[in-house]
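Student: Chain residues, written in single-letter form:
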Amino acid sequence: MQVLPPLKRDSYPQILHSWTDMYKSPDFNQLSTKVKSATVADVEHALTSDRLSLADLAALLSPAADPYLQQMATRSSEITLARFGKTTQLYAPVYLSNYCTNICAYCGFSADNHIKRKCLTLDEAEREALILHERGFQHILLVSGEAESALDVTYMEAIAKRLRNKFAAVSIEIQPMSREHYHRLFLAGITAVAVYQETYNRALYKEVHLSGKKRDYDYRLETPARAAQAGMREIGIGALLGLGDWRTEGLALGNHLQWLRKTFWSTAFTVSFPRMRPATGSFEPLVNVSERNLSQLIFALRLFDHDVGLIVSTREEARYRDGMLGLGPTRYSAGSCTAPGGYGDSDADAEQFSVGDHRSLDDVCSIIRAKGFDPVCKDWDSEFQSSQVTD
Amino acid sequence: MLTIAKTEFKSRLFLGTGKFSSSSVMAKAITASHCQMVTVALRRVNLDNPDDDIMKALSVREYTFLPNTSGARNAQEAIRLAHLARAASGSSWLKLEVTPDPRTLLPDPVETLLATEKLVKDGFIVLPYMNADPILALKLQDAGAAAVMPLGSPIGTNQGVLSDSMVEIIIEQARVPVVVDAGIGAPSHAAYAMEMGADAVLVNTAIAVAGDPVAMAEAFAKAVEAGRTAFTSGLGQRRKHASPSSPEEGQLSSDLAFLD
Chain Z
1 MQVLPPLKRD SYPQILHSWT DMYKSPDFNQ LSTKVKSATV ADVEHALTSD
51 RLSLADLAAL LSPAADPYLQ QMATRSSEIT LARFGKTTQL YAPVYLSNYC
101 TNICAYCGFS ADNHIKRKCL TLDEAEREAL ILHERGFQHI LLVSGEAESA
151 LDVTYMEAIA KRLRNKFAAV SIEIQPMSRE HYHRLFLAGI TAVAVYQETY
201 NRALYKEVHL SGKKRDYDYR LETPARAAQA GMREIGIGAL LGLGDWRTEG
251 LALGNHLQWL RKTFWSTAFT VSFPRMRPAT GSFEPLVNVS ERNLSQLIFA
301 LRLFDHDVGL IVSTREEARY RDGMLGLGPT RYSAGSCTAP GGYGDSDADA
351 EQFSVGDHRS LDDVCSIIRA KGFDPVCKDW DSEFQSSQVT D
Chain P
392 MLTIAKTEFK SRLFLGTGKF SSSSVMAKAI TASHCQMVTV ALRRVNLDNP
442 DDDIMKALSV REYTFLPNTS GARNAQEAIR LAHLARAASG SSWLKLEVTP
492 DPRTLLPDPV ETLLATEKLV KDGFIVLPYM NADPILALKL QDAGAAAVMP
542 LGSPIGTNQG VLSDSMVEII IEQARVPVVV DAGIGAPSHA AYAMEMGADA
592 VLVNTAIAVA GDPVAMAEAF AKAVEAGRTA FTSGLGQRRK HASPSSPEEG
642 QLSSDLAFLD
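Going down the list, the sequences are from chains Z and P. Take the first sequence: its letters are residues 1 to 391, numbered as in the working numbering. Take the second sequence: its letters are residues 392 to 651, numbered as in the working numbering.
Treat the hints as calculated values from the structure; they're not laboratory data. Some clues are possibly wrong.
[Said to hold, decoys possible] Derived contacts from chain Z toward chain P, CB cut-off under 7 Å, selection only:
#1 K262
#2 W265
#3 E291
#4 G323
Ideal Cβ positions, reconstructed from N, Cα and C, are used throughout, including at glycine.
Sequences and hints are given; from them, build the entire structure.
Tutor: Next comes the structure, spelled out in structure tokens:
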């Protein structure tokens with residue numbers, strides 16, 4: 001479905017004329033069987049194909065593909081280079097609030113965790129963003145826990161309008177919203193929405209999302225589609241690595257991505273790979289996902305979808321991120337702090353997760369350059385973003 | 392099984408009914424091809440007259456008739472022809488053709504999109520004939536087209552699928568069946584389109600003007616089946632470089648030496 005850039009608020013209903021059947025995620029156990037039953041021959045077929053099917057993706061994610069990691073890396077690197085060139089995009093998150101009404105077993109912001117709660121005022125939030133601006137960032141991701149009472153669409157609209165002239169791109173990773181609210185945020189200057197399903201395993205989803213709005217698996221699953229329909233230029237999806245079987249999550253992600261791509265063909269997509277790290281609440285990952293596993297997942301998705309943006313955050317260590325440059329990922333966060341107000345106040349605590357790569361933007365840029373790549377901070381235009389709004 | 396607008400087709404070969412030396416040759420060729428969908432030009436056939444040569448030769452029960460708007464030069468003319476066709480045949484199936492240039496008979500993308508939008512709203516099952524333009528294919532399916540019919544090469548030229556790199560993208564992106572139409576001059580062309588993953592092909596000239604149209608129809612039927620089977624069984628890809636047939640177990644080259 002083509003999503004036309006809306007010009008006026010009034011034009012909104014017309015954009016919705018061809019809303020199609022919503023995405024249904026396939027049964028996780030069936031996907032798991034597909035992954036487990038792949039053979040070496042299936043892997044070799046996938047490695048020599050230019051256009052990969054979901055069966056090919058299953059093969060590349062399977063245990064049978066484990067010994068082929070180097071071949072996958074080579075192919076992934078070729079494709080990434082051809083499609084994205086010798087560049088790596090950079091962004092930084094701004095944590096706006098750690099209030100959350102959900103109880104999620106794995107998350108540091110979970111409502112039942114006794115942490116110091118804070119929601120930045122608009123002035124504080126702007127100050128945090130401006131610190132990043134001074135450090136050289138042109139793309140920021142506004143992040144928050146999921147609590148509408150602390151941070152609603154009006155707040156987000158207000159902060160977007162303050163920031164849109166200063167940044168080339170402002171993305172959000174906050175609670176799922178309605179199409180109407182996403183559309184308001186798009187008009188206010190937000191260009192991208194990230195929302196992760198955490199796990200595509202419906203039963204496990206219920207087990208780890210204990211209370212709150214987030215317990216509704218389907219509402220969350222439909223969120224990327226709502227955001228795309230509202231006109232967002234880019235949608236990010238992902239699974240939290242450490243909950244369900246990562247191989248099956250990868251296949252579910254590919255399936256979701258393929259549907260999104262076919263339905264919203266004028267929207268760009270990214271996949272993130274948040275690998276669980278220690279957080280307050282001492283939740284032990286349910287499954288161990290090694291760096292080799294993570295790499296296999298990244299390479300498999302790159303071979304499956306040549307155009308998708310692949311994001312590796314500062315959850316991963318500097319050594320890993322440096323090593324992966326050019327092999328598949330296209331975007332890194334850098335110099336991140338995951339506690340609200342953390343850039344201005346280095347003593348701010350109550351972070352969502354602890355960071356694995358503590359280097360500054362400058363240091364990360366130096367490494368990227370040393371590898372022969374161009375660190376790209378600006379990938380859109382603030383003038384364009386603020387001039388399209390007509391209200 | 393191919394499904395278009397909830398109708399199932401065993402055969403993935405569609406036939407055009409023009410240019411045959413006689414209606415009886417046409418009928419025999421169509422039988423030999425095992426096709427289940429035939430397109431007929433409203434300008435040539437009296438859809439509501441059972442004594443019409445072509446209508447007499449083909450049983451309405453055995454085939455899905457796909458009336459086409461051949462001769463329409465713009466959306467407005469195509470829409471009028473479509474309504475006449477439906478009134479005469481009672482069927483909502485429609486192959487939409489808008490070809491303002493009578494020399495090349497190339498489809499007009501702008502008028503085709505406009506006509507598709509309108510005809511879908513009017514309840515037609517629209518299969519638009521189009522140039523092999525991937526963005527147009529996406530817009531047509533968003534407008535509600537039941538299938539898209541990109542051309543392989545200019546109609547009647549027998550040049551084969553010259554538009555293959557664009558057709559490949561159309562196939563990859565489509566949510567509706569892709570029928571390669573026009574320019575398919577030999578069974579190998581049809582097989583090639585099917586190997587690429589086309590859902591069906593439409594052939595007319597190559598069969599109608601063959602020395603033995605009935606035998607040629609049979610050859611096309613076999614080619615379409617072979618191509619489809621090749622596609623579903625997973626073709627090996629042509630590669631520029633040799634690739635090792637067995638991986639080096641567990642050995643990571645320096646690329647991945649950083650992994651812990």
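Student: All hints are to be evaluated individually against the structure, with a verdict given for each.
Tutor: Against the structure, the hints come out as follows:
{"no.": "1", "hint": "K262", "result": "5 Å, holds"}
{"no.": "2", "hint": "W265", "result": "5 Å, holds"}
{"no.": "3", "hint": "E291", "result": "5 Å, holds"}
{"no.": "4", "hint": "G323", "result": "3 Å, holds"}
When the structure is compared with the earlier hints, no violation turns up for any of them.
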